[in-house]
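Go by the hints and put chains B, C and D onto chain A.
Protein chains in written order, with the numbering used here: chain A, 1028 to 1382; chain B, 1028 to 1382; chain C, 1028 to 1382; chain D, 1028 to 1382.
No wet-lab data here; the hints were simulated from the structure.
It is possible that some hints are incorrect.
Heads up, the list lumps identical chains together, so a pair's fine if it works in one copy or across two of them.
As the list claims (entries may be wrong) - In the DSSO-like style, the derived pairs of lysine-lysine whose C-alpha atoms are separated by at most 27 Å in a straight line are: (1) Lys1299 with Lys1226; (2) Lys1347 with Lys1226; (3) Lys1126 with Lys1102; (4) Lys1299 with Lys1126; (5) Lys1347 with Lys1299; (6) Lys1102 with Lys1378.
Fair warning: this is a prediction, and the values are worked out from it, not measured in the lab.
Protein chains: 4
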Amino acid sequence: MAGSSYGTLFKLTTFGESHGTAIGGIIEGLPAHVEIDVNLVQQELDRRKPGQSSLTTPRKESDEVQILSGIFEGKTTGSPIGFIIPNANAKSEDYVHMKDAFRPSHADFTYQQKYGHRDYRGGGRSSARETACRVVAGAMAKQVLSTIGIEFSTYVSQVGTIAFNNKEFFALTDIEATPVRCPDLTVAQQMIARIEEIKGLGDSIGGTVQCIINGVPVGLGEPVFDKLHAELGKVMLSINAVKGFEIGSGFSSLGMTGSEHNDVFLPNGQTKTNFSGGIQGGISNGMPIDFRVAFKPVATIMQDQDSVDQHGNEITIEGKGRHDACVLPRAVPIVEAMAAIVLLDFYLRHKAIHL
Amino acid sequence: MAGSSYGTLFKLTTFGESHGTAIGGIIEGLPAHVEIDVNLVQQELDRRKPGQSSLTTPRKESDEVQILSGIFEGKTTGSPIGFIIPNANAKSEDYVHMKDAFRPSHADFTYQQKYGHRDYRGGGRSSARETACRVVAGAMAKQVLSTIGIEFSTYVSQVGTIAFNNKEFFALTDIEATPVRCPDLTVAQQMIARIEEIKGLGDSIGGTVQCIINGVPVGLGEPVFDKLHAELGKVMLSINAVKGFEIGSGFSSLGMTGSEHNDVFLPNGQTKTNFSGGIQGGISNGMPIDFRVAFKPVATIMQDQDSVDQHGNEITIEGKGRHDACVLPRAVPIVEAMAAIVLLDFYLRHKAIHL
Amino acid sequence: MAGSSYGTLFKLTTFGESHGTAIGGIIEGLPAHVEIDVNLVQQELDRRKPGQSSLTTPRKESDEVQILSGIFEGKTTGSPIGFIIPNANAKSEDYVHMKDAFRPSHADFTYQQKYGHRDYRGGGRSSARETACRVVAGAMAKQVLSTIGIEFSTYVSQVGTIAFNNKEFFALTDIEATPVRCPDLTVAQQMIARIEEIKGLGDSIGGTVQCIINGVPVGLGEPVFDKLHAELGKVMLSINAVKGFEIGSGFSSLGMTGSEHNDVFLPNGQTKTNFSGGIQGGISNGMPIDFRVAFKPVATIMQDQDSVDQHGNEITIEGKGRHDACVLPRAVPIVEAMAAIVLLDFYLRHKAIHL
Amino acid sequence: MAGSSYGTLFKLTTFGESHGTAIGGIIEGLPAHVEIDVNLVQQELDRRKPGQSSLTTPRKESDEVQILSGIFEGKTTGSPIGFIIPNANAKSEDYVHMKDAFRPSHADFTYQQKYGHRDYRGGGRSSARETACRVVAGAMAKQVLSTIGIEFSTYVSQVGTIAFNNKEFFALTDIEATPVRCPDLTVAQQMIARIEEIKGLGDSIGGTVQCIINGVPVGLGEPVFDKLHAELGKVMLSINAVKGFEIGSGFSSLGMTGSEHNDVFLPNGQTKTNFSGGIQGGISNGMPIDFRVAFKPVATIMQDQDSVDQHGNEITIEGKGRHDACVLPRAVPIVEAMAAIVLLDFYLRHKAIHL
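Only chain A is shown next, with the shape it has when bound in the complex (with noise of 0.2 Å):
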């Protein structure tokens, strides 16, 4: 129960830290005698790196995935799958300097306290370079999913204070048209244009995430502790830079009253509105399900800041290297393969419900 395992059923365990010789992970109870495409997992793995467009840092990495076991001549056996990432040969000599340094809102401090001794380069395991392994298990995820009719649209909803309120399903097509990942042209290029801005100043912006499921059967959600929106709430929760969560109308239906706020049925069971965010009790309704997820401006920029080292001295943490201004772009396939994760677990979990 040391944290880096997620799943019942379908599990996923990682390791690994921002600058050791790799990062990589088992993939427990992925359903046997299913083909697994490798290709469309490294896509997947290609729109989270970093480097891809002119809005995310410019480090490269190759970010190749090499599965080692679990899939025999491309499908499953049942078997755990290993997986590996080596990480590209970082110079580990360019983050002496930072060995005893605290950064602002990091987890620098936390780390050294709880654990007593730490890869303090580049993050190390506080890095949100493992992410990548979450990728990894929900491509797969998703590539199961897609045999049930279970399809993703994630996209990003605002950038600062740029927001895109619609909440349909758009195509993967129109998501990527732009480096900034929201379907909405318009709206897309007043948010690179701010990232760009942001990016001048060596500082950083946050956003949200959307995301909307369609294709989910009725009945996936375990009451009364693992209801589907707070599994799902957790692994938003989990990923870095995330600080809120909110399912359906959530911090909206502060300003409604019940009886407008009431998803009143059908007499097909589905519903004229869809304020429960496709989730009722904890139980997926058929609905589409509908989420939204908050990631703060990151703690990296490139300004130098005033902070503490290790032994309560004053320092100056300088503002150089790579980062990313935004990292919504490259959190959209984090998100999306979190929520696979969360839906094929629940799929399995739910089908022990009945004989």
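Then chains B, C and D, alone, in the frame of chain A:
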């Protein structure tokens, strides 16, 4: 993994339906040889019970907890604590007319579809009555945490659009000063007036609960998946009617840049600001933990509503009976209980990091 | 993970001490919409209860189970089943003289050292009374398994050195024909005579329980750690007084060579011999599952014994009161219950292997 | 819960097939800030590897472990330890003729039936090669346990019917004195002669491994289900070819009465005898832990055998290739590794009992 258990080392498992014989649970992992005051547990239950003020449902339930094991001569033995809360003599026949009905935005439909068979009386397992068991476990956890200096301040910070945004640690007496459990008397009066107004309309209204936790030692939280705020988010989202969660700055971080949002360290390891909400990289940093939970307007209203039944027939759900126009005041002890359960579990887990 | 839960998808959590208010438990994951006959559950409890024959302790306990939730109108709802078995009005004062005593080969010493505080009355949590809760869950699991053709034959195969080595599937009526629960009448009489002899000496004696399970489908078991026989071994070893476990040929395989021991396949997938005990590579192969459990002579005897107390003083434990000279007959329903719990859990887990 | 993970706080998850790219695993929960000597890990692997003596299969595998994460500057960081052991360049085509064959008493049949698709090369996932990963985790656990005084003595105590029943704690040098790993030179010579004889016949033979653990503190074990010996039993039974397990007196207790079998306490809390095997009520009592594991004669033999294939055709399995006539010598480090994994996990779990 059927969903009615929470926790790894400190664990609560609950059972029971709204109108069955009793609800109850088993608490595992409460440290041995600790004094537990059962009266304090009952006091927390009394803060959650219906009928405690004119703001809440007039339904009377005594909600008396009976401890069946695990506490001997006033102290924990390290063995599991079994407990029950008998259900008052509910008239089941009152619910026969609801047997086939699907109430809007309740879990009638999803439970029927998922399980194929359900106890329809008063919501059965999906009733918020189940949260009384959480309050029992939380009240014990709070007593244990208090011995190591961890203290909670939980209160209503918003009702509808009436907000109190002062994130301070308020004393219990300030919170209990009004039945709405908002520590600011002026805002509390506005909230009460609004709830009375909504109640008069037979409608319902939502709001937020704010929780501040002081005295949390540095180091609680288990990255990468079991980050402290991720688990807090999960358990809050598992409470009936919750639609959103945010830690620290949360959604309001969207209006800030990284240079504004970063929490600058002081030489003593504390930070000048606390936008992180007391957690960095998923691990507590010693600053107050601060999160906010959004509750939708509850689905039960005293107005007639169109709906369908199990056979697809259109029906009218009559708005009669008893209800809470606003559950926020009664949600306060539930939020606090769940926070205490998470904190104690992570406290115990953290100890396993070192020999 | 405090030790009072067993199972992954079908899960039992128990609580309760020998002389507390009640023992009980929560059963999660029993499939929904299944008829459960509570009378059959009570019948299994009656097979375990003390005082049922001259062979067992004359201590009278009614052991009546009360179901508190999860079964509605005779059928499971998929929600957790809470149950209690009230403890009869035990005179706690009878045990005050035992407060500080460490009885030889009991758990008094280890519980005191581990927890620092214990309910010393009648063994408290370490009493075999706890196994009544296992019988409740097992009796429900057996009803479910019966609908898919899985049946159990469990009997006493050895008392002291008197052995019955015929590993056949015997009918319940044959097993229940004598109070010793050995289906061979001749051997049963020898066993009974031996137990009466040992009882006359105020001593105790051990033995083995044999379990044969027919109708197990091919495929149950989750390598590499959760092999079917590994879990069967664990749960059997978790029963009070158990010292050994063997699957199929077990320890007797040491006298064979591989060419003798290998189970040759028939064209229909069955095997000519069944030294494997129905499990190969940790997965059921469709042949009868066959295992044997060794119980030591129980520690409670009616003879005076030297011992020490909590303060290191030498004391004499007086051999008075009531005891089972041989627990084997009462162990039969416990072994069968635990086997059923394991089988149902693995049946549900196996379903998750395929979409 | 797919079966390839073991442990709660100290946890090992493994992956890999016999003839895939690599096997490997993730170790979670190894305490932070502890020095780990990777050479000692490699030494344990060398004790398990094939080809180490004339008694074992001449198949050459280098079995070199590569640590990918979690150890930084020679010390654990508290983050998961990922590792791989590349498979030597096996000729997959050697196994094509085995594609459809079901070898007697192997897992070919059950894997095919359970998963519908399998890596048939050399047993794939069901190969004992997987146990190398257990040795890696166990070797690290032993280093940690050594710092708190827990030491292991594990050796071959029986080969076929040649038994060495002296349950003492022998030094590693005594155990390693002969390739059969029995510390008594006379018995060892008999065992070696017997194995050579069986090898000459192209047959196989079983035996037992004895494990003695000294220095275990009082208090390890989590009743009622996770009793220390129950978990030891489970993990031993999860090792390939194991058919039986006994703790302390085990099956030999059947020949004793309670008055003979009870372990009388000394004033210092130790016991005069140790029929309990160091565990009472599922909790370690400070005496040496002593258990015995029975391995069947392995299924691979160098004789032709009748069998069937996947299509129900009768075939002959040819007895060619390489095999261990007796796996007991190589089983010693595996048994010891699994015991160490269990002990460290329970050590960490025990700490959670008190604040």
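To see whether the hints hold, each was checked on the structure:
1. Within a single copy, Lys1299 and Lys1226 get their C-alpha atoms only as close as 43 Å, which misses the 27 Å cut-off; across copies the closest is 25 Å, which meets it.
2. For the homomeric pair Lys1347 and Lys1226, the shortest alpha-carbon distance inside one copy (13 Å) is at most 27 Å, but the shortest distance between copies (58 Å) is not.
3. For the homomeric pair Lys1126 and Lys1102, the shortest alpha-carbon distance between copies (16 Å) is at most 27 Å, but the shortest distance inside one copy (45 Å) is not.
4. For the homomeric pair Lys1299 and Lys1126, the shortest alpha-carbon distance between copies (23 Å) is at most 27 Å, but the shortest distance inside one copy (57 Å) is not.
5. For a Cα distance limit of 27 Å, the shortest separation of Lys1347 from Lys1299 across copies, 23 Å, qualifies, whereas the shortest one inside one copy, 52 Å, does not.
6. With identical chains, the CA atoms of Lys1102 and Lys1378 are at most 27 Å apart both within one copy (22 Å) and between copies (19 Å).
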